[in-house]
Amino acid sequence: MGQISINNLNHSYGQTQVLKNISIDFKDDKFITVVGPNGSGKTTFVKKLLRNYSLNKKTIYLDQKDIVTYSSKNYATKVAAVPQNTDIRYDFTVKEIVLMGRTPYVDRFKGETSNDYAIVNRVLEETDLLPLKDRSFLTLSGGEKQRVIIARALAQEPEVLILDEPINHLDISHKVKIMKLIKRLSVEKEIVVITILHDLNFSLKYSNQCILLKDGEIYNNGHPNDVLTKKNISDVYNVNVEILEYNNQEKLIVLPIS
Amino acid sequence: MITKNNGKIIGLYTVILFVIIIFASTIGVADIRFNDALKIISSRIPFIKQFVNIEQMKTSSILIVLNIRLPRIILAGIVGIALATSGVVFQAIFKNPMADPYILGISSGAAFGATLVIIFGISFSFLGLSMISIGAFLGAMGTTFLVYNIARLNNRTPVITLLLSGIAISFFLSAFINLLMTMNNDQVEKIVFWTMGSVSSASWKSVAISIIPVVSGVSIFVFFSKELNVILMGEETAQNLGIDVETIRKLLLGVASIVSAAVVAVSGIIGFVGLIVPHAMRMIVGPDHKRLFPYTIISGAIFMIIADTISRIALNPTEIPIGVITSLIGAPYFIFLLVKNKKILS
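The listed protein sequences correspond, in order, to chains S and Z. Quick note: the first sequence, position 63, residue 63 per our numbering, numbers continuous. To convert, take the position in the second sequence, counting from 1, and add 1000; that gives our numbering.
If we strip away everything but chain S, and leave its shape as in the complex, we get (with noise of 0.2 angstroms):
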């Protein structure tokens, strides 16, 4: 189940090709990081991952199915976002927003049943929300707000849940906060996470599979400790880093401000 497999997938935005015969398989790696430099392509990877951009046939396939192939619905229950930009300007409840994940599911005509109540309510549980699920979105906090999106693309029930830069403005507490969170749903729910991260000692503490690209291409790709090794951060990233060892060789990216 959430099984992605990717053929030769490219992407131009008018003359820039952003990506370039991009090739993998996900095997049995639950948590997945995609890393890179500024403009190297992670967002427009993720991006056709979603299908918001427009795909070619027999490019990525969700479980051996070709996903130009599955209806809107039907994919949207099985794959799930958190974008880069939660921004939400109009003054909708957590719950109410968290309710909205279960659109693929709801019939037009039955509207939502108590299934759908009771699936809100365990993401909220989880999430630790339910404090704050009669609070407007508007004033949330942003690590509480990046909560409810969580929330409600857990209530997709997917397969696969695609973050853009979940962490990006969060203080360091939320930041691990959200990590832990993000990690334990992915172990204890078997949902297969690929989230895109800047912050690579993140992605040395919580994934099993590090794809680092460059200029939209995959530069290597593997365990996040042969990946993201002194050589490739200078190669891709033109800064030189320390790694360090602590607690049983868990390691930590250093940058020497020199």
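Since the hints were made in silico from the structure, they are not lab data. The C-beta atom is built at its ideal place from N, Cα and C for all residues, glycine as well. Just so you know, not all the hints are guaranteed correct.
[To be verified] Taking lysine-lysine and the BS3-like style, the derived pairs with C-alpha atoms no more than 30 angstroms apart in a straight line are:
| hint | chain 1 | residue 1 | chain 2 | residue 2 |
| --- | --- | --- | --- | --- |
| 1 | Z | Lys-1095 | S | Lys-133 |
| 2 | S | Lys-145 | Z | Lys-1095 |
| 3 | Z | Lys-1008 | S | Lys-110 |
| 4 | Z | Lys-1250 | S | Lys-57 |
| 5 | Z | Lys-1095 | S | Lys-110 |
| 6 | S | Lys-180 | S | Lys-205 |
[As the list claims (entries may be wrong)] Looking from chain Z toward chain S, a few residues come up when the C-beta cut is under 7 angstroms (computed):
| hint | residue |
| --- | --- |
| 7 | Asp-1036 |
| 8 | Asn-1178 |
| 9 | Leu-1232 |
| 10 | Gly-1242 |
| 11 | Glu-1246 |
| 12 | Met-1283 |
| 13 | Gly-1286 |
| 14 | Pro-1287 |
Put chain Z on the given structure of chain S with help from the hints.
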């Protein structure tokens, strides 16, 4: 924000609309008492009419209420409902607070169509519709179609291109109308009065003709309430939640354009209703379209009926164009709501 007892409040609000309709039908040169108007109107409502006896009432009162005032009040209500609900749809689809039913060039297209008919003096009627109405409707629909196709790119219509092509075509047509008016001085008054909007030529026939597209169109809007809520979350999020955004947008823009064009054709260009009623209602009941539509429907009707009543009595016997009234009473109320909600909005 109103969230509880939704059904009861809407029921009460509907009663208020009914009282306003009866009250509006008592106002005018001929003096008709509230009770009499209530009886006359009730005598035409199925199930209730068997309990009402209007035999000893003056025939003139009955005629004035039923054949002169009531069609005009009902038409004003229909126009209000059509513009206010289309406004909700346009604002949701464009996610733009400045959007209103006229944003894709319906107003300038209708004015252009009406101007051509007036200048060329084409006068014949079809199904009881004047040629001006038909010209306005065709002008409005043609313009919307043109704007949509200018903006279309590889089967997608980026919102910003759609808005800008709407503005460009509107300016072009307005300039053309001004040119035509300069060349046809004698028709200027007629054209200007048409564009300012009025429901004074209302008859049961015009009510019957406009009610069909409005009722079916508004039913379609309500039917898509859930999708509109999700579209407010952003186009890509809506896609990721399994909604076919491009198809729904095309459908709802098409329906909203037909609904607006249908009432513009019979009433001229009545501004502000489609912009502020949706905003005012969103401030009061929140953005959820399942709640927003019922309140917008009733408020749009009440707002237009009051505006039309004022327009026909304030400077009696001269009628003030209804667009003047909608802006004169609508703008201050809207500013009041803005100031009250300033903290929440910012």
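Could you check the structure against the hints above and give me the numbers of any it violates, in ascending order? Violated hints (numbers, rising): 7, 8, 11 and 12; every other hint is consistent with the structure.
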